[in-house]
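Peer 1: What follows is each chain in one-letter form.
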Amino acid sequence: MTHATEPDKSRQGRPAGGPSMAGTVLPLAGLALLALVPLGAPGMQLLVNLALAKGLAVAGVSVLLRAGQVSFGHALYFAVAAYAGAFLMTALPGADLALVLLAGLLGAVVAGVCVGLFVVRYRGIFFGMLNLAFSMIFWSFLEKFYHITGGADGIRLPRPAVLGMDLDRASFELVLFYLTLTLVLGLGWATIRWLASPAGQIFQTLKTNETRLEYLGVSPRRALLWGYLVSAALCGIGGALMGVTQGVVTPEYAWWIRSGEMVFIAVLGGAGSVRGAFVGALIYELVRTYASAYAGDVWQMLLGGFLLVIILFAPRGVIGMIETLAHRGEARK
Amino acid sequence: MTPTLFLLALFDGIAYAALVFIVALGLTLIFGVMRILNIAHGSLYAIGAYATVSLSGWALAMGLAPILAFPLMLVSAVLVGLLLGGPIEWLLLRRIYDKPEVLQLLVTFAVFMILEDVQRLVWGTRPYFEATALQALGNVTVLGVTYTVYQLILLPAVAAALLLGMRFFLRHTIIGKLILATTEDREAAQSIGIDADKVFLFTFIVGAALAGLGGALASPTTSILPGMGADMIVLSFAVVATAGLGQIEGAALCALMIGLGRSFAVYVWPEAATLVPYAIMVAVLSVRPQGLFGSSSARKI
Amino acid sequence: MKTWLLTALCAAMPLTAAAADKPASLKVGMTTFLTGPASVFGVPAKNAAEILVETINAQGGIGGVPVEVSFIDEGAGAETLTSEYRRLAESGGADVMFAAISSGNCQTLAPLAEDLKVINFMWDCGTQKIFEEHSYKYVFRTQANATPEMLAAVIYLLKTHPDFKTIAVVNQDYAWGRDSWDIFRTALMAMKPDVKVVGEFFPKFGSPDFSTEISRLQALRPDVILSTNWGGDLDTFVQQAAQRGLMNSSTFVLPLAESSLERLGSSLPSGHIVGARGDHYFRHPERRDDDAFKDFMARYEEKTGEISVYPVFHTAQAFAALQAVYEKAIAANGGDWPDEDQVLAAMAGLEFQGLGRPVTIREDHQGIEAQLMATSVQTGDHPFATLENIMIFDGADITAPVGEVSVDWIGGLDASFLDQVGVATYAD
Amino acid sequence: MTAPLLETRNLVIRFGGVIAANDVSLTITAGRNLAIIGPNGAGKTTFLNICTGWIKPSSGQVLFEGEDVTPLPPRAIVRKGVARAFQIPQLFTEHTALENLLIAVAARDRLRNPFMDLHRIPERDEMMHLLEMVKCADAAHRPVVELPEGQRKLVDIAVALALRPRLLLMDEPTSGVASSEKHRIMEILVEALAERKVTSVFVEHDMGIVERHAEEVAVWNAGNVQLRGTPREILDHPDVIRDVIGEAV
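Heads up: the protein sequence lines correspond to chains A, B, C and D, in order.
Counting from 1, one number per residue, gives the positions in the first sequence under full-length UniProt numbering.
Counting from 1, one number per residue, gives the positions in the second sequence under full-length UniProt numbering.
Counting from 1, one number per residue, gives the positions in the third sequence under full-length UniProt numbering.
Counting from 1, one number per residue, gives the positions in the fourth sequence under full-length UniProt numbering.
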């Protein structure tokens, strides 16, 4: 997998990173709009919450795309975190929401280290397929070891307490919504800053020239491992949030189609773009929910067609289109 | 693990491996030449099965002999190759060969999602079961266990024939050599005048037809229902990656390893049966990073 | 900052008002399998629901209010199911929910219904754990659970094949498959301790291919093979077993096979034990001469071209319960439309009759339903197997008493229990 | 007596039947720029690969400042003070020329702060100066993939220099640069190397460059160093004229 994404033109010639339209203003406006959803369109709250949780996981996959590596098994960390949360809740019924998310994150990072140490030795199709293999191994474990994992029906993730308070469903989901939004803002910003930082830039050189990186005194494998753990953590938090929002975790979380879906959404939103991950996830969930309501059970066909159009005509994804429009707007100003 | 159980696991493993190989063969061929892991291969497999069930159902309704189901399988395989394989390569993949590999992969994933819905729209969601071809061949009893001749003898025979046929085709026919050349080094092949576009189109059609044939041959042994493509294709990924890219013989050996591994697991530790193929893949790749038969291409500096 | 955020959010919570006046329509949200292998099971239930709603509305609806039913596909997976269920229950799209077919989905949706404070009839799922591990205010089961169904199967097996030695099981790998086997095995060991279990297989739900399991079973040669598979999985398993002659060497106990009789056609030979999860049979010996029964059977066959199967009977029971509870609540409310709490109150001790014998709801919200077991026979007057040597067991005798855990209660039984159960026997 | 900057002892490199290096012992002392000349395919680049640990010798040792570095991977040898510019420029094609240099600094200093923008590291101006020095200032903000071959070679050398090495190994530094520019660039390079006290070893085909800019010349032929001396001695040596220059003229 040599060059996986187009060079990110928005970084060109603007070293100081001033508040450009597409870079900062639009995303913040978008998040502010989403913050109004529970008041303006409560029906959409659950959908947006799920989309943003999935967006975090897609951001993780997008980070790997920045290094030219495509993982077809990142649903592994999504599922590990969700199940870690579920096991914690069965072990400590009154556990707090923060603890559940932490357990999920910890589970994902530990799994990330164990699998990461192995897969960072591979590149391209082998990297993609080995990740797939590990996620399928975990899926089989979840699906078949009924007495441990609850098998195909999964495990319930009862509502955790929030700061010691046992909230009823409605207020809990409101708190969860705004927590997800805060995490999206915080982690999104942190990921973008990390990608622009020296360590993040070194990670991205894996896409173009590992030999030169080796000759700069850096181990490409260790550089990939750092990026791999960042992506596993993001997927973990996404998975834990999804598990808590859904209230049930199933082996479906680790199925390979979900990993493929994440890569699908990453490219739809804009391969390698953190902002694109959330935009892609929102579009994906909206089409999935409302297409099936109006256009019968063909939401998969619609999304497949939409992605084909994106790949053939706008390879920098939806965020790429927004940025071109924004730049054109700025140029005219 | 008494000797009889050992033999039973062996027979089941071979029957299953034959099917996995036939599907993985098409995938390996396409990947070898075009460096694309065709995720839509799973849908082509499923549509091959659906097409066979419809064709043989229609033929039986017309009162034709059940033995006719076999040629119909070839017909549906060819149909899948031409009607689906051709347009996918010609209309879609041809326009993205210069694009990054992740986008090529995702085009096939998008096609997979589209075709999954096409199956649902055309054939509905209810399961089909059409086993006349299988019943036509009758049973054989080995060590007290009755097997269908279809699964125990026909499938492995077809798989072996395809392996030898493909080897002969690739090594001893002109088109075969062109495909091998393009697999080896596309730029070099083009520089000596090989029309890569034609080779790609031909390879994709053959690959798609093999997927269709896999589905057609599988249709009597299983009930045909939505999602069967996704289950089978993820196994073929394991076979292709374990074997090494574009390695026909490798795919055969790995399909056998994975088939036997899975069926022995059912006898020894049933819970781990679905786990075994991927554990084998990880084990093989940890020892040989480019796959069993893959060759590592050192980077020129 | 955290505490400020919390108080502000709670204040913004909208208050729900109880609607007491007569609504435009009584909306029912029903989950069933419209896709995947189980669709052969879920689609008949959908067709039955549509016929029943037509019939009810033709008689002026329930208490003068027409009934509307909307469906959610359980085949879309647990995630989509929960989001759709929640969307329907929250957006006022449903006053009463019928969920679900799969035991796994019931375990997921029951707590959700309690959370959403929406009345939920578990119209088909069988796992007994739901009411034994938790108590619910809004969730009821309008049919029996795995305990009477498996006990009836064991009793019928012991009455018809008293001296078999070995048994193997091939159940689907999810809640139903696992729970039903636990109960069956416990009952069998309690009443016939000398039986030996020679093989336990749990292929995945929706598995298209059982060839490896069948090879193993042929090597093991058990006298009896139990399978609580249903829908597409049962069809595939029986057809593949028949192809390889397994049906000739072992007696099959298929407690849910009544729903597959027509689809199995000639694949199901005579002499195998068939159950129907309740007293459901399109030629029900006690009800086949009843006019309402005959009318429904005719209309169902006319609409679908198929005979009625037990999911259809369970759907009829759910709608009968719906009609009975609202009419009871309206009567108790002086003719006015009842609010949710009044309907809940009316559920206590409710008695209603679908297409089988009457069903009563116990105080632990579990339905008491008679169980029909029989033996398959290829008589030739139908292109598929029909039933003979039919036994209908009284539901109350074979359901675990309120508050007892089924597996413990069954563990305490012994061979003498066989004669303590009320049973009606019919030739065919 | 301090150990030589780089020393190879009895190096043997065998690929299947081909002997790329046959018992090569070569020492490079600090401060004297050495040019390696020899016919094409004689194994000069392979020699650089061995010295930097990219491939392992069949037998023999490579020592850097007296320390045996034979088993080490390139990254460990680089950390000891060696840098390399390549025959085929090895750059991060999707980053700009300036970013390539900034990344080199980040790697050298192990910059870990996850929230500091790469463009804001203190050495930014120094790197701009380095680009100006190799006449690539205009390309500072253009992705390397868009630069012509010659400029890419120079940026490649600048990246190596950014590591502040003590020994710089270059593989045909001015190939691809317009011949009118070659000498001027070499002068700038040699001056910059001297100013930074960096010893350089460069494989070279252009005898004009060797003559004017190399302080010492080694002749690599048939897998071994046959001759070594000042440019004048080597370029007039009959064997060299026959085997090396004869080919070159």
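Don't take every hint at face value.
Computed cross-link-like contacts, EDC-like style, restricted to lysine to aspartate or glutamate with a CA-CA straight-line distance of at most 16 Å [said to hold, decoys possible]:
no.: 1; chain 1: C; residue 1: Lys294; chain 2: C; residue 2: Glu327
no.: 2; chain 1: D; residue 1: Lys182; chain 2: D; residue 2: Glu195
no.: 3; chain 1: C; residue 1: Lys204; chain 2: A; residue 2: Asp168
no.: 4; chain 1: B; residue 1: Lys99; chain 2: B; residue 2: Asp117
no.: 5; chain 1: C; residue 1: Lys117; chain 2: A; residue 2: Asp168
no.: 6; chain 1: C; residue 1: Lys159; chain 2: C; residue 2: Glu388
no.: 7; chain 1: C; residue 1: Lys204; chain 2: B; residue 2: Glu271
no.: 8; chain 1: C; residue 1: Lys204; chain 2: B; residue 2: Glu187
no.: 9; chain 1: C; residue 1: Lys137; chain 2: C; residue 2: Glu363
One-sided excerpt, in silico: chain C residues whose CB lies under 8 Å from chain A [to be verified]:
no.: 10; residue: Ala78
no.: 11; residue: Thr304
no.: 12; residue: Gly305
These aren't lab readings, by the way, just hints derived from the structure by calculation.
Backbone N, C-alpha and C fix where the C-beta goes; we use that ideal spot for every residue, glycine too.
Peer 1: Are threonine 304(C) and chain A close enough, Cβ to Cβ, to be under 8 Å, as the hint says?
Peer 2: Violated, because the Cβ-Cβ distance from threonine 304(C) to chain A comes to roughly 21 Å (cut-off 8 Å).
Peer 1: Hinted pair, alpha-carbon criterion (16 Å max): lysine 99(B), aspartate 117(B). Please report holds or violated.
Peer 2: 27 Å, violated
Peer 1: Check whether the Cα positions of lysine 117(C) and aspartate 168(A) lie no farther apart than 16 Å.
Peer 2: 12 Å, holds
Peer 1: Does glutamate 187(B) lie within 16 Å of lysine 204(C) when you go C-alpha to C-alpha?
Peer 2: Since the Cα atoms of lysine 204(C) and glutamate 187(B) sit roughly 47 Å apart, the hinted pair is violated (cutoff 16 Å).
Peer 1: Check whether the Cα positions of lysine 182(D) and glutamate 195(D) lie no farther apart than 16 Å.
Peer 2: 20 Å, violated
Peer 1: Is the Cα-Cα distance between lysine 159(C) and glutamate 388(C) 16 Å or less?
Peer 2: Satisfied, since the Cα-Cα distance of roughly 14 Å is no more than 16 Å.
Peer 1: Taking only the CA atoms, is the gap from lysine 294(C) to glutamate 327(C) under or equal to 16 Å?
Peer 2: Answer violated: lysine 294(C) to glutamate 327(C) is near 25 Å, above 16 Å.
Peer 1: Would the pair lysine 137(C) and glutamate 363(C) pass a check requiring their Cα atoms to be no farther apart than 16 Å?
Peer 2: With Cα atoms ~11 Å apart, lysine 137(C) and glutamate 363(C) stay inside 16 Å; holds.
Peer 1: Given glycine 305(C) as an interface hint, is its Cβ closer than 8 Å to any Cβ of chain A?
Peer 2: Since chain A brings no Cβ nearer than about 23 Å to glycine 305(C), farther than 8 Å, the hint is violated.
Peer 1: Given the hinted pair lysine 204(C) and aspartate 168(A), is their alpha-carbon gap at most 16 Å?
Peer 2: 36 Å, violated
Peer 1: Just to be careful, I want the Cα atoms of lysine 204(C) and glutamate 271(B) compared with a cutoff of 16 Å; is the pair within it?
Peer 2: 10 Å, holds
Peer 1: Was the hint right that alanine 78(C) lines chain A, CB cutoff 8 Å?
Peer 2: 5 Å, holds
In this structure, the earlier hints numbered 1, 2, 3, 4, 8, 11 and 12 are contradicted, and the remaining ones agree with it.
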